[in-house]
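Listed below are the residues making up each chain.
4 protein chains.
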Amino acid sequence: MSKNKPTYNKYLQLNKILNGQKRLSNVLKEPIHDEMLFIIIHQVYELWFKQIIHEIQSIIKYFNVNDVKETRINTIVSRLERINDIQKITIDQIHVLESMTPMDFLEFRDLLSPASGFQSVQFRIIENLLGLKRKNRLKFSKQEYTSFLSDGDKKIVEDCEKGKTLLDVVESWLERMPFLKTKTFNFWKSYKNSVYRMLDNDMQIIKDNPNLSDLSKTDQINTYNNILSDYELLFDDKKYKKLLDSGSRKISQKASLSVLFIMLYRDEPILQSPYRLLTKLIDIDHSLNNWRYSHALLAKRMIGSKIGTGGSSGYSYLKKTMEKHNIFDDFSNLTSYIIPKSKLFILPDQLKSQLGYYFNNKEKNEK
Amino acid sequence: MSKNKPTYNKYLQLNKILNGQKRLSNVLKEPIHDEMLFIIIHQVYELWFKQIIHEIQSIIKYFNVNDVKETRINTIVSRLERINDIQKITIDQIHVLESMTPMDFLEFRDLLSPASGFQSVQFRIIENLLGLKRKNRLKFSKQEYTSFLSDGDKKIVEDCEKGKTLLDVVESWLERMPFLKTKTFNFWKSYKNSVYRMLDNDMQIIKDNPNLSDLSKTDQINTYNNILSDYELLFDDKKYKKLLDSGSRKISQKASLSVLFIMLYRDEPILQSPYRLLTKLIDIDHSLNNWRYSHALLAKRMIGSKIGTGGSSGYSYLKKTMEKHNIFDDFSNLTSYIIPKSKLFILPDQLKSQLGYYFNNKEKNEK
Amino acid sequence: MSKNKPTYNKYLQLNKILNGQKRLSNVLKEPIHDEMLFIIIHQVYELWFKQIIHEIQSIIKYFNVNDVKETRINTIVSRLERINDIQKITIDQIHVLESMTPMDFLEFRDLLSPASGFQSVQFRIIENLLGLKRKNRLKFSKQEYTSFLSDGDKKIVEDCEKGKTLLDVVESWLERMPFLKTKTFNFWKSYKNSVYRMLDNDMQIIKDNPNLSDLSKTDQINTYNNILSDYELLFDDKKYKKLLDSGSRKISQKASLSVLFIMLYRDEPILQSPYRLLTKLIDIDHSLNNWRYSHALLAKRMIGSKIGTGGSSGYSYLKKTMEKHNIFDDFSNLTSYIIPKSKLFILPDQLKSQLGYYFNNKEKNEK
Amino acid sequence: MSKNKPTYNKYLQLNKILNGQKRLSNVLKEPIHDEMLFIIIHQVYELWFKQIIHEIQSIIKYFNVNDVKETRINTIVSRLERINDIQKITIDQIHVLESMTPMDFLEFRDLLSPASGFQSVQFRIIENLLGLKRKNRLKFSKQEYTSFLSDGDKKIVEDCEKGKTLLDVVESWLERMPFLKTKTFNFWKSYKNSVYRMLDNDMQIIKDNPNLSDLSKTDQINTYNNILSDYELLFDDKKYKKLLDSGSRKISQKASLSVLFIMLYRDEPILQSPYRLLTKLIDIDHSLNNWRYSHALLAKRMIGSKIGTGGSSGYSYLKKTMEKHNIFDDFSNLTSYIIPKSKLFILPDQLKSQLGYYFNNKEKNEK
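Protein chains in written order, with the working numbering: chain V, 38 to 404; chain L, 38 to 404; chain D, 38 to 404; chain X, 38 to 404.
These are calculated hints, taken from the structure and not from any lab test.
Keep in mind the model is a prediction, meaning the values are calculated, not measured.
We put the beta carbon where it would ideally sit given N, CA and C, even for glycine.
One should not assume that every hint holds.
Said to hold, decoys possible - Heads up, simulated BS3-like pairs for lysine-lysine below, C-alpha to C-alpha not over 30 Å straight-line:
1) K218(D) to K106(L)
2) K179(V) to K357(D)
3) K361(X) to K380(X)
4) K176(L) to K42(V)
5) K42(X) to K191(D)
6) K53(L) to K191(V)
7) K59(D) to K199(X)
8) K172(D) to K201(D)
Said to hold, decoys possible - Cβ-Cβ distance ranges computed for the label pairs, FRET-style:
9) E135(D) to K276(V): 24 to 34 Å
10) D196(V) to D129(D): 38 to 48 Å
11) K59(X) to D251(V): 48 to 58 Å
12) L381(L) to S283(D): 23 to 33 Å
Could you build all of it, start to finish, from the sequences and the hints given here?
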């Protein structure tokens, strides 16, 4: 076998990978058997994190041009799916760590101090690259998350904060979406009309219902008015801006409307991949939350309400970050504005053509 | 922060772990994005393999004494469960690799040659430590599995072959099980009686059935005779020895009977952990087969019936090893000899006491 | 084939099972394809719920005697494991429902009103049988959960509330555990001593540390004092009673101490199954929470913040019940009181014998 | 609450669903606890089977027209994904049944006879609707699968055999694919050229290699010639027909080439959904095999090599059907013919346009 030819060992650099496990409990009379699992499972996490970063960075690069090729979206969706598949693996594997006994963990836990998962640079990079903003982060004992990192690591994560995030580039791409306003079609207007017609109709039914008491009518009408003003938030520039400023919205009004357009007309060919893309972003948020919750439960099982090796009471911190650290919640919240297909405005033929495949339109023209 | 105190990065040796990914496709004009996944997922496999080896070795050590403490069995079961949980993760994560496009894989596949999963030393160590014998291995293009390894690696796996395997130490432990023959109880005999009585009864029913034709009676009686001779294999020293010699049995007759005893009286306290142990060994075999099957399907999806990077047609090789490389099939095959609880010989009181907790018996004595 | 002999169809009563799907959307011009999935997945849930109830009831019956046979615990653990396995399936299958488009759901959603998952009697029975108390239930729009049920169903769930619950019988069983106080051993006392010695030692290290500022010393000593008083809650009858009265504890002090004893000495043979039992109860709580969370996310994806078919905003209600409806949290919280094995009081020989198998002790005596 | 309004119970017809469980072991002194699980899990299977049939039928209907709308493909893919998701659930839930003890199963097993999973009409309908042909079925003790069914059920499954299957309609749809031969492009020819050029190049490298012995050269050249003749099978009408006649191919040559075209140019917009469709068909086959394998293992665990309640030795029958009953293996086998992207013929602009979105092409034209 030639020396230059790759072997399995050399290719995977197993001399590095398989020689990086040194138990701190080796200093004890009897090294703790389970510390090996503790080390290896965390190394597996970090390898997966590296892969996730590799994917996110490639996606941001693809998006970060003025004219994203439509065929690229399909590749991007595959990579988002892969990220989500990896997340699911990282959640499932927590279960393996549950087989470690709390009592054995306590035996080597003090040796670890102050090392802590808080110091995982790659996890912070992932959060930052996805689009978690510093201001939205839960502080830990009043301290910035960077205060637990070395200077070198601090710089790395802060650089990520400054660069374009996945949320940024997706937002820009959504804002550029060309189909919402054409000569013959105004999505905002037609959607608004559909909503009003639907609500008017519902309100009339309430008013005409002879079985409802006046009180109950007022009640239901109030509910509908609330729903109505909820819809109006979406259309009113000033109100929307307020939501943005207060931090209760993360993406622009224009991007929001594009999201809604994609969700409502997701069956049109050119919108199919974008719809899957939005779905995957929501899934990624959910999986992050599942990961945090499973981790919180594990922390509780291992050390109860005791203080974590990083000085945090891991359980409550992790539980609090669960929804607080959501990144794509604007997308999931927009599902509230979906209306039934039968109530939807039918797209004008010309627009429908544009959203379709060239082949089908050409055929149609030729007929 | 003191220099000597552990940090997350230092503890996990992330400088090694996260700097061991170098894509061979970097030599191409455009490095293949997906090669990173290919490298990382294999490194994750190898980390898990290291953990599995850590567990198996500790179990063999625990078993490899003349007098295994009963409380140890519980710890051993936990570790077997952990091995099986890790196996499930390694099976699930194959799904992540399915997101790699065959076309992109083909782009860097030639660069890998002749590196191949065949060269994974740790996987061979696992097979050997569990108890896979050289003579039971499927040869690959008429070659020994060691011919794909470097000299150093070859020595490592061959040393494992020479040492005590999990199957060996479990077999010895089973052979030493003291409960099968006491002054008042002979398991072999009483089990045999139960079986004969059960079969006699069934045969009488057939003979007495007025609705059965003679032909159909003969048929059914033949079936019962076959079942009977199947049971007799278990009790006949010479016949059993033939099975052992031919390789169609792997554990001794004595060990087999102990397995059956545990399976039949699994509810008795001292047999509960042993029963879970046997179950887990069977599970580990099954999971290995699942892993091989999933891998075979992936190989097929990626390269079809083409020859693998190691020179093998991965799909057919992996599929063939599926049951051929079983290690604990004697255990799973013994389920054929289980009989319904109601047909089972009731243990004499004294033996039942011995299989119980001291506390309960003491109480009984005091009453 | 004789008429009386069972066939697959008759045995499973498939004429009932497979003829119980009638889509309400059949009244529409075009019946909604996905309503079939909506019906079937809910029927599958209910079948699983029936199985879970079957298991819980059998466990309560086993426990609800003065003298639970030790061998029974093993069977009980298997049934709890089964419940938990079923729970995992019910969580995983939510994913199938995610493939339903919100837009199609909205199309038949109005037809369902006011039917709602709130009316699932079996789910309430499960909660009640496990031990969820009326006073701990989150009210929905200020209404009791029973107000959504028919009179017949109301009676059924209320009867469950009155009967013995799983939590009740487990608590009694724990209170009866005989090993905590023997002539030569007092668990409460020896555990307390271990804790005090451990904390004293830690405090001395702090005081002697020349590198700590006075401020920082005071800080750390305060932390230790808090931990100390936390431990004391456990031993002080009056303080514990207050916790019980306020509802922040659910099981008695005596039962709590037994839980701790089991957790600390889980390796002793007679405590192995009890330990697995406690773990499974915690798992069941966690799985219930996972189910609620996954359901909440699904509700959000389907109808956003809109009001559910039962009149509730499903998402926020389900999210709020997540930990609020915990039943076995006293068990999981007790992990906070676990101490490292090396700090643990070693059991006197006589007690250790009692916790062991009769066989081993007999042998010992004979030597 | 109005009587006409749906309630949860009425909507789901729970009076039927939850009253269809009657244990045969009720005739015993002590009914077998686990028989309930046995009944319920099979009912859950049958409910899922009904859903799968609902999906397949809708897909066949969509396909069974001369001109399948391109937007339909997306919906079809979703439904195939749903089928596959349900399959995964049915595989996972086998694990729940593993918690049943073989000894308890044996206690009520005789009561079930001769009822057997063999009599599941819905499972046969699924196989038939997907496209399993009678001639490809493994016979069981030389008998047709229909001989285990009642006359009514026999008619139902035979009607399915006569109708259009999923394989049939997909094949026709593939045969109609218009892009493989245009004025300027002939896929067969250009693909063949790419393959020849690739193989010629490889062979030249072998011939020029000064380090290879003559023997080894001959060896490698033979391998390449085999590969070459493998490719040629695909292009040669007569040879392909032979394969079809012998049953080693299931879809026509024309359909095969379309599959290959989709696999190779899967990134083009109009081919994205078709590619996902092919992938899902392969997945469905794999999942069926996984289901059969898991079932075989369960059968072995429960009854060993004993004869099943239907009279079959379940384990070996199920294992043999594993690949024998494959339906879409032509699709998975075609992956062998994929070549690296860099070796692929670049599509002429005009064709590339046709495969794209109208929007992008229009833009291009306007520039």
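- prompt: So which of the earlier hints does this model not fit?
  reply: The structure breaks hints 3, 12; every other hint is satisfied.
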